[in-house]
Amino acid sequence: MKNPDILTCFQCGTCHASCPSGKYTSLNIRKIVRDSVKKDVSDQPEIWMCTTCYDCQERCPRGIKVTDAVLALRSEAVKKGKILPVHRNVCNFLIETGQSIPLDDKHRDMRKKLGLRIDEASRKKAHKEVKALIGSTGFEELIKK
Amino acid sequence: MRKLSLFTGCLIPNRYPGIEKATMLVLERIGIKCSELKEAACCPAPGIYRSFDNITWLTLASRNLVLAEEKGTDILTICNGCFSSLMDANNILKTDAGLRNEVNAHLQKIGKEYRGTIEVRHIIEFLHTDIGVNKLGDAIEKPLEIRAAVHYGCHLLKPTRERKLGSAQFPVFFDELVEATGAKSVPYEGKTSCCGAGGGVRSAMLETSFKMTEYKLDRIQKAGVDCIIDACPFCHLQYDAGQIELEKSGKYYDIPVLHFTQLLGLALGFTPDEVGLHLNEIVNLKFEEKIAQIQKWY
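Keeping their order, the protein sequence lines are chains A and B.
141 is the number that numbering that gives the first Met the number 0 gives to position 142 of the first sequence; each next residue is one higher, with no gaps.
261 is the number that numbering that gives the first Met the number 0 gives to position 262 of the second sequence; each next residue is one higher, with no gaps.
In case anyone wonders, no lab produced these hints; they're calculated from the structure.
Any given hint might turn out to be false.
Calculated lysine to any residue pairs in the SDA-like style (CA-CA distance at most 20 angstroms, straight line) [what the hints assert, rightly or not]: (1) B:K32 to A:K127; (2) B:K289 to B:I139; (3) A:K127 to B:I109.
Partial pick of chain B residues on the chain A-facing surface, computed with a CB cut under 10 angstroms [to be verified]: (4) S50; (5) S192; (6) Y214; (7) A240; (8) L284.
For each residue, glycine too, the CB sits at the ideal point set by N, CA and C.
Using the sequences and the accompanying hints, generate a full structural model.
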C-alpha cells in the first residue's frame, strides 16, 4: 500500500499492545501495517479482525492513522473480490432494502405494540435513491465480484 | 439552538425499537423539538461500507446529510455508528473539494447536491453541551438511586481529532449525564475498551467478538452494578444478546442493558415497559422492581 505515513513507524508496538482484538486473535496490527508497505496483505484474514476501535491510532506516538490504514487495506482486498460471505450479505441487504439490518416480522410486531409507525413510502423512496447511487458508484458491481 | 432532525438508523428501528420510543418520549418531555429525518437510509454502517469503498460510503452518507440540509436542520443521532459515519463524511466533504465534486456528480443523478451547511450531533454530547447537566438534573422527577456501568462506545469519542469531545481515555461528559439522573456512575477496569462488535467483527467472527464482550462484562460484574448504560445500539446488542450467548459457556451475568435515553426515560417517570426494557434479551425483574420502588417513593 502506498502510504508514506506508515514509513515513519519505528515499530514500538504501542498499537498492538492497545488492540482489544489482538488479545484474542492473530491480529498483530504493528506487523500487518508494516507488511502492507512491502507486500500485498489482501489475503490475510487478520485485516478483518479489527473492530476499528481507534485505540491504536489514538496512541501512536508517530501520529500514524493506523485504523484508517486498515480501512484502506480492506478496500484493496475488496477491489480484488476478497469479501467475506457474511459481509456480502450485509451489503445485499442494503442493495435490496436501503438498510443494512432490515425489519423482520418479530420487530415489526414490536413496533406496532409500542405504537411506532413505519413510513413505508419514505422507506421506499430511500431505497430507490440508494439503488440509483450504488449503481452510479459501481458498488453493486463491486459486491458481485 | 439549531433545529434538529432525528436520524434513527437501521439497528434501532429494526431491532431495538424500545430505544426509539424512549428517545421520542424523553425529547418531548424535556421540550426538544425534533422531527424524524424522513427518507433517510442506512448511514451507511462505517464498519462495512467505509472499509469497502470510500466513495460509496461518502455518497450514501451525503444523501442523508442532504436530506437534513434541505430541511435546514442539524442531524441528531442516537447511535455511535451513525454518528461516526455521518460526522466523518460531513467533515471530509466540507474540507475536500475534490471528493465533494465526485460525490455531487453521483448525487446529481437523484437530483441532489451536497452543500455542507449542517452539523451532525450525538444525543449524549448534545444533551451535555446544549441542554447541560444542571438543566437536565432539574427536569428529573424520579432520581434513580442505582449503580451504573457507563459504556461510551468507541466511535462516540474516537478519533478524538475529529470528535473534539475531549479525552478518550478519561472521558467524563457521559458519566455526568448519567449522574444527573440520580444514578451513580461506577468506575470499572477497561471502561473505555471496545465492546467487540465494531468493524464488521461481530458479523464475521461472532465468538471472537464475544471474547471482548466477556472481558468487559467480567469487569462490569466485578464492579457491582445494577445496569449497563450505553449510547449506541450496536454496543447495546453486543452486551444484551452477548450475555445470552455467554450463558452457553457457563457465564451468568443477568445485567440489564439500557441506552441512555431509556435510563433518562425512567428518571422522568416513564415505566420500564414504556421505554422498552421488556424488549431486551436480558429482562431482569429484580431491576425493574427496584425501579418501580424508586418511582413509587418519589
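Here is what the structure says about each hint:
| no. | hint | verdict |
| --- | --- | --- |
| 1 | B:K32 to A:K127 | 29 angstroms, violated |
| 2 | B:K289 to B:I139 | 17 angstroms, holds |
| 3 | A:K127 to B:I109 | 9 angstroms, holds |
| 4 | S50 | 4 angstroms, holds |
| 5 | S192 | 5 angstroms, holds |
| 6 | Y214 | 7 angstroms, holds |
| 7 | A240 | 13 angstroms, violated |
| 8 | L284 | 19 angstroms, violated |
This entry does not satisfy hints 1, 7, 8, going by the numbered hints stated previously.
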